[in-house]
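K.L.:
These are the residues of each chain, in order.
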Amino acid sequence: MIEFKNVSKTYEINGGTCDALSDISFKIKAGEFVSIAGPSGSGKSTLLKLILGKEKPTSGQVFFKNEDVSLIPTKKMSKLRQLIGMVFQDFKLLPKRTVYENIAFAMEMVGKPNKEIEEDVPQVLDLVGLADKSASFPNQLSGGEKQRVSIARALIHRPEVILADEPTGNLDLLNTWDIVRLLLKINELGTTIILATHDREIINNLSKRVLTLNKGRLIRDEENGRYIL
Amino acid sequence: MKTLTFYRILRAGWNNFWRNRWLSLATISVMFLAIFSASVLVLLNVVGQNILTALQNKVDVSVYIKQEVGEQEINKMRSDLMFLGEVKNVSYVSSEEALVKFKERHQENPTLMESIAELGNPLLPTLNIEANNASQYDAIINFLENGKYKESIEKINYKQSKSLIEKLSNFSDKVRRSGILISIILAVVAGLVAFNTIRLAMYNFKSEVEVMRLVGASDWYIRGPFLIEGVLYGAFAAAATLIILTPLLYFFSPKISMLVPNSNIFGWYSSNFFLLFSLQLIFGVALGGASSLVAIRKYLRV
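Chains F and Y supply the protein sequences, listed in that same order. Quick note: the first sequence, position 147, residue 147 per the numbering used here, numbers continuous. Quick note: the second sequence, position 164, residue 393 per the numbering used here, numbers continuous.
Rather than coming from a laboratory, the hints here were simulated on the basis of the structure. Be aware that a few hints might be false.
[Said to hold, decoys possible] Reference listing, derived: stretches of chain Y covered by chain F, where coverage requires no fewer than 3 residues with Cβ under 8 Å from a Cβ of chain F: (1) 428-441; (2) 447-461.
[Unchecked claim] The following label-pair restraints were derived from C-beta to C-beta distances: (3) 418/Y <-> 96/F: 39 to 49 Å; (4) 448/Y <-> 97/F: 14 to 24 Å; (5) 429/Y <-> 139/F: 48 to 58 Å; (6) 429/Y <-> 122/F: 48 to 58 Å; (7) 137/F <-> 519/Y: 32 to 42 Å; (8) 70/F <-> 418/Y: 36 to 46 Å.
The C-beta atom is built at its ideal place from N, Cα and C for all residues, glycine as well.
Construct all of the structure, not just a fragment, from the sequences and the given hints.
P.N.:
Structure, rendered in structure tokens:
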């Protein structure tokens, strides 16, 4: 479903260059749960941005469903992004909208009719366990709840993949496991999950496939992997 | 589906507009100035045209006939003139009649009356010619100056008013040209202000735009609201012009009529109301829309 072929990404910073990723190749099948492990600055976020088409590789190719992401014209980009749900460490919720409106907004933006919005939003809120918070504003929620709203929003287009970029970075232990369990549940329902994290605990307890990045290089790719540097 | 999308874009555009209402107000004010000055220019033009036509209609040609020419000859000349297609009317004032009128007019001036009494009647008989149309005077004068009556004519009094008309039409030309220049400058300033306002709005809505991209909003879902915002500035500026210009004209139209007879500027405004308002609207909307398009192209990466 997702394939990286000899992908390198180099950023130019103040005239110098910085290799974020060098010569990365791997494949992810539909329905997998893959963790991307590595310390901060190892290239995890860049890797996710390449899948989402927010960045283009300096060399090599990124394929999503056999299509070269860097060749997708801007007009079709919105279609791609509806197939990929994205979850961030800082949630990226709109502070002036309620939980319900934050999710409805995502549906409005792709032209979904009101009736479908009214049906789907409560369903997805139920799935993430926030049915009773739909009228709350983000600043009235705990970190874990905010992240669940953001996951609900990522799920609303029924995406084929969810990219989670350090989703537990701002959360305490209890909330962290809540989120991880939620992601596992979503994965069981058939959605591919790519979880980028530097949290050793999560990775060691998941016993799922782990891609380990260090300084932009893919140093390990194992099933039932552990966080080893 | 399409109308729903359009409605949502419209609503988002209105929200952008309303949440920044003070900034919007400032933008509208500058756009209002541009539209207002362009409208005033149009109205000035109308007044100028009115003055010119009024003057041209007033012009008649006075032909002073030599003292020695007899009444019969003059009558023949008059009927020949009447025969010309261009001529509307010819009236004859004999030297005696002219003297009576002159005396009436200058009763209070004893010196003048005394000298008249001493001189006898120095006034010449005149034919006053009115043409159907101001542009036809040249043809009439040509007929008189080069025709068979050349010898009987002392002088033709037309050239003076002609130069007055020319001066006036020159002046109104200058007014028009500087008005166009001022309007263009104001339009450019208004465009820049609208551009900057929309740029600020984009900055304010940075997080919204980011989330939009994230959830796969289509291009026009992201761009549309900003375009709507610009168009709204123009529409509101046109409406403001209308609201301010109408009472202004209502009050000043009689005053202008006193200075320039036959210039019912408010009447002209009412009868051309829809044309004028559509022009203002088109001008405003085009200006606002173009400014936001430039801002979108420059600052909004989708």
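K.L.:
Now look at each hint and say whether the structure bears it out.
P.N.:
Cross-check of the supplied hints:
1. 428-441: Answer holds; 5 residues pass the 8 Å Cβ test.
2. 447-461: With 3 residues close enough to chain F, the hint holds.
3. 418/Y <-> 96/F: 39 to 49 Å: Since residue 418/Y and residue 96/F have Cβ atoms about 33 Å apart, the given range 39 to 49 Å is violated.
4. 448/Y <-> 97/F: 14 to 24 Å: 22 Å, holds
5. 429/Y <-> 139/F: 48 to 58 Å: 25 Å, violated
6. 429/Y <-> 122/F: 48 to 58 Å: Given a distance of about 37 Å, which is not inside 48 to 58 Å, the answer is violated.
7. 137/F <-> 519/Y: 32 to 42 Å: Roughly 38 Å apart at Cβ, these two residues keep to the hinted range, so it holds.
8. 70/F <-> 418/Y: 36 to 46 Å: 42 Å, holds
Checked against the numbered hints above, the structure violates hints 3, 5 and 6; every other hint is satisfied.
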